[in-house]
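Q: Sequence:
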Amino acid sequence: MNYLHVVFKPQELVVYQAQMNNKSYPITYQKIKKLDLLALIKQIKLDFPHNQGGILKGDALAFYSPFCIKIADEDVVDMEKCFAEIFNVPFVRAEALVDNGEETLKKTLAEKQQTIGWSIDYCGYNPGKAEYTTESLLTVANGYLGLRGTLPEMVISDDTYPATYLAGLYNQAISVIDDHQVHNEDFVNAPNAQYISLRIGQGKFVNLTDFKVISLYRRLDFLTGILSSELQIEDEEGRRLKIDCRKFTNMARMTHYSIEYQFCPLNFSDQITICTKTDGGTFNYGVERYRSLNSYHYEIKDLIADKHKTYLLARTYQSKIGIGISTEISGDFFAPDSVENRINENSIVQQVVFSAEQGNCYRLEKNVAIAISTVFKQDWQQVDTWQLPNFAAQLAESQLAWQTLWRESDIVIAGDMMAQKLLRLHTYHLLASCSPLTNGKHKLDVSVTARGLHGEAYRGHIFWDEIFILPFYIMHFPTTARQLLMYRYRRLPAAKQAASQAGYQGAMFPWQSGHDGSEQTQTLHINPLTGQWDPDHSHLQCHISLSIAYNVWLYWLNTGDKPFMIDYGLELLIEIAKFWLSKTAWDATSNRYHIAGVMGPDEFHEYSLGNKEAGLQDNAYTNLMVAWLFNQIDIIVLSLSKQDLNNILNRVDIDTDFWQQLTTIKENLALSINEQNIIGQFDGYFALKEIDWQKYRNKYGNIYRLDRILRAEGKSADNYKVAKQADLLMIFHNLSQDVVKNLLKKMNYATSDNYVEKNFNYYFSRTSHGSTLSRVVHASLAENIKLSALSWQLYKEALFSDYQDIQGGTTSEGIHTGVMAATLNMTIMTYGGVDIRQPLLEINPSLPSHWRHLQFKLCHLGVNYQFFITQEKLFVSCDRDTEILVNKQGYRISAGKIANIDYKNEVVA
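Going left to right, the sequence shown walks through residues 1 to 909 as full-length UniProt numbering numbers them.
Do not rely on the hints blindly, as some may be mistaken.
[Claimed, not checked] In the BS3-like style, the derived pairs of lysine-lysine whose C-alpha atoms are separated by at most 27 Å in a straight line are:
#1 K796 x K112
#2 K320 x K301
#3 K786 x K758
#4 K758 x K689
#5 K129 x K242
#6 K307 x K204
#7 K9 x K23
#8 K45 x K70
#9 K758 x K741
[Said to hold, decoys possible] Cβ pair distances, simulated, as ranges:
#10 D879 x A414: 21 to 27 Å
#11 E102 x G415: 17 to 23 Å
#12 Q52 x Q532: 52 to 58 Å
#13 R342 x R651: 55 to 61 Å
#14 K786 x P535: 39 to 45 Å
#15 T404 x N2: 38 to 44 Å
#16 A585 x K42: 52 to 58 Å
Rather than coming from a laboratory, the hints here were simulated on the basis of the structure. The structure displayed is predicted, hence computed values, not measured ones. Just so you know, even glycine gets a beta-carbon here, dropped at the ideal spot from N, CA and C.
Can you build the whole structure from these sequences, using the hints too?
A: See below:
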């Protein structure tokens with residue numbers, strides 16, 4: 001087997017491999033930048049391409065477990081991590097090997113690969129945006145409660161951002177900026193009970209600004225949801241402390257979190273004061289461009305301290321949501337009655353003073369419970385009476401809860417270490433953002449925000465990202481998917497009111513939704529490139545209602561949940577359909593129905609060419625989804641009994657000709673299709689100008705937000721064939737090619753055999769991918785039309801998008817739940833080939849060539865499936881007799897038996 005040996009010498013790297021010559025790479029560590037270092041490792045990979053793993057030797061920084069070096073700007077770099085991620089195989093430091101035998105090396109590398117696949121870790125401290133990004137990715141959460149991945153000593157600043165988020169905790173505020181009155185609903189940064197620090201004698205309390213950071217290592221374990229940190233720090237007098245911390249939110253007890261704080265004086269004995277706070281003075285600060293807005297969202301109602309316990313009550317200003325927090329500290333170096341408490345205007349400070357001995361380690365734990373009145377309507381004020389089990393007890397129950405979630409949702413890949421790691425990273429953050437053990441069990445009236453419980457971007461609102469998120473829950477946790485759909489149903493009255501106020505019938509759901517279902521999209525936004533306030537017409541993205549309808553349909557198709565469809569689902573579909581019926585207009589000249597005043601998913605285009613009124617006409621994605629919706633309502637109605645249908649119709653007010661309107665309009669909606677079979681993104685699209693893409697890439701590098709670049713140049717994206725993300729192509733992401741082709745046929749539009757490929761190539765070349773979701777949509781379509789190399793490139797970029805923060809700082813504001821879910825879905829539905837959009841599961845695997853196998857579970861119509869897919873064969877087992885389709889061929893699967901299908905040759909065993 002091939003193993004790479006990398007030796008770090010003072011002025012060079014020496015690399016060798018068995019049966020190959022050594023190669024030396026000159027390097028001055030103190031002068032090299034990280035990007036240049038990564039480029040060097042990529043060159044080494046080209047020189048030594050085939051390896052099963054590697055060993056790192058030489059001088060590494062003390063106090064770090066991984067092999068770390070210090071480069072330019074005092075940047076600490078984990079070389080095990082860098083080599084592993086570029087080579088996609090594990091690397092270990094030589095000291096990790098107990099002997100030089102090959103079996104020992106194989107075992108050590110296998111253990112390292114297992115660790116890599118179940119965790120992320122960070123060495124060093126880089127204050128500012130880089131630290132904010134690390135904190136987002138290290139967030140611990142349980143679907144109700146989220147804590148950013150900060151150390152206990154960190155405070156709100158430009159360098160670090162500790163924050164506590166609670167699902168559904170919103171508040172609206174008014175700000176005046178440059179004579180503009182801005183109304184904003186924010187995802188509130190709740191009171192913080194995480195702060196713990198200590199001081200030596202009468203010195204400063206430990207922080208990462210005034211003290212020298214000797215070493216800092218953090219690791220998030222996906223399997224258990226535990227964030228651990230190891231910090232060594234030195235004060236001005238050279239006194240060193242080692243501080244180890246573990247924290248987690250309890251997945252089994254959603255209102256609770258625990259922190260274990262251990263510290264050891266390494267080279268001194270002295271008096272130590274340990275301090276912890278329950279801080280009611282927090283404010284929203286996580287998104288730089290929001291900082292000029294009103295950031296204070298709650299007031300303190302009560303503060304109580306009793307020995308080792310504290311109790312805080314607060315209430316948001318506008319939404320009037322109550323917040324109750326209780327804490328309890330304990331330790332091996334103090335008694336409860338020795339705690340000194342001080343109550344300030346908005347916080348409680350607890351301190352313990354004692355004499356610490358050099359070399360001794362001391363342990364404190366803090367257990368916290370948080371309740372909000374939207375979930376605990378009566379009990380939130382009695383949170384001080386709640387039981388606060390100790391750290392060990394809560395950890396045991398939380399770990400067990402995580403195990404139950406991973407059993408249902410884990411995706412296992414052989415042959416691609418980094419894809420395995422990142423798919424688990426994404427699964428972890430999806431479960432952290434919305435957990436079946438909290439959201440479903442307690443029926444939280446929330447949905448999954450665009451940035452999870454991890455940050456404040458988009459102000460914690462719910463968008464059309466749901467269309468990418470819901471399939472994950474539908475496949476693995478259908479009860480939770482139902483609960484997420486109920487968030488929309490409960491806001492149906494608000495959507496109907498919005499439609500009525502706008503002059504329409506039915507339900508018009510908001511583009512940005514938060515607490516009560518009212519439209520929370522800003523009407524003005526500031527362009528960071530120009531500093532100018534520009535109108536924001538994002539609320540015209542009425543296709544959000546079609547995403548909701550799509551999720552209702554997909555849930556119904558995969559669960560057969562008849563009570564849901566009778567009590568809620570069909571009512572939602574009909575009210576959404578009524579809105580679109582009232583928004584269509586007949587034009588006798590074109591002999592077609594038209595839909596005006598909308599925006600598509602693209603988002604760069606707000607105005608039709610030459611039109612001063614905002615909104616586009618006949619966005620193709622919107623019109624096709626409307627036609628699809630009208631068709632699906634007819635199909636669902638036919639599947640219900642007359643009594644069930646009457647029960648539904650008694651709740652909805654529809655005209656006598658409603659059903660005929662559905663048929664007439666769905667077959668006569670307008671589209672623009674040119675002679676090359678390209679479907680125009682909207683009416684007038686083909687008259688727009690082309691843009692010199694290479695010129696803009698050369699000039700600006702990052703052109704993801706080409707709309708802002710054009711505006712800064714005095715131009716408008718409205719005049720060009722440019723797109724932020726997939727628009728028309730989204731129809732092929734939602735629906736199979738056959739379904740779309742049938743829709744077009746019923747609308748009397750002709751298509752060629754390769755029209756999908758033509759449309760893909762046309763729009764892909766005109767898209768900036770300003771949303772990470774764009775890559776997944778295009779990756780899936782590319783694989784479907786046999787562009788596997790392009791598919792893999794885009795899929796890989798999407799996989800790494802948050803982990804490597806490819807958009808240049810957006811991950812610092814919270815992870816992207818939409819793209820994380822979309823990569824998980826694509827792995828199963830595109831590469832695994834499992835199409836859940838059919839009454840029978842239809843399976844057509846298409847694994848990336850370097851994947852040896854893919855393994856996962858899913859639930860479809862009450863049948864629990866397990867799939868094991870290799871490059872040649874499909875192994876399927878289930879818990880009930882069922883039937884599946886493989887490459888259009890039907891197969892009966894018996895419960896408890898494993899079907900072995902050679903899908904390349906369609907042979908079953």
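Q: Confirm or reject each hint.
A: Each hint, compared with the structure:
no.	hint	result
1	K796 x K112	holds, 22 Å
2	K320 x K301	holds, 12 Å
3	K786 x K758	holds, 13 Å
4	K758 x K689	holds, 19 Å
5	K129 x K242	holds, 26 Å
6	K307 x K204	holds, 24 Å
7	K9 x K23	holds, 13 Å
8	K45 x K70	holds, 22 Å
9	K758 x K741	holds, 14 Å
10	D879 x A414: 21 to 27 Å	holds, 25 Å
11	E102 x G415: 17 to 23 Å	holds, 21 Å
12	Q52 x Q532: 52 to 58 Å	holds, 55 Å
13	R342 x R651: 55 to 61 Å	holds, 57 Å
14	K786 x P535: 39 to 45 Å	holds, 43 Å
15	T404 x N2: 38 to 44 Å	holds, 40 Å
16	A585 x K42: 52 to 58 Å	holds, 56 Å
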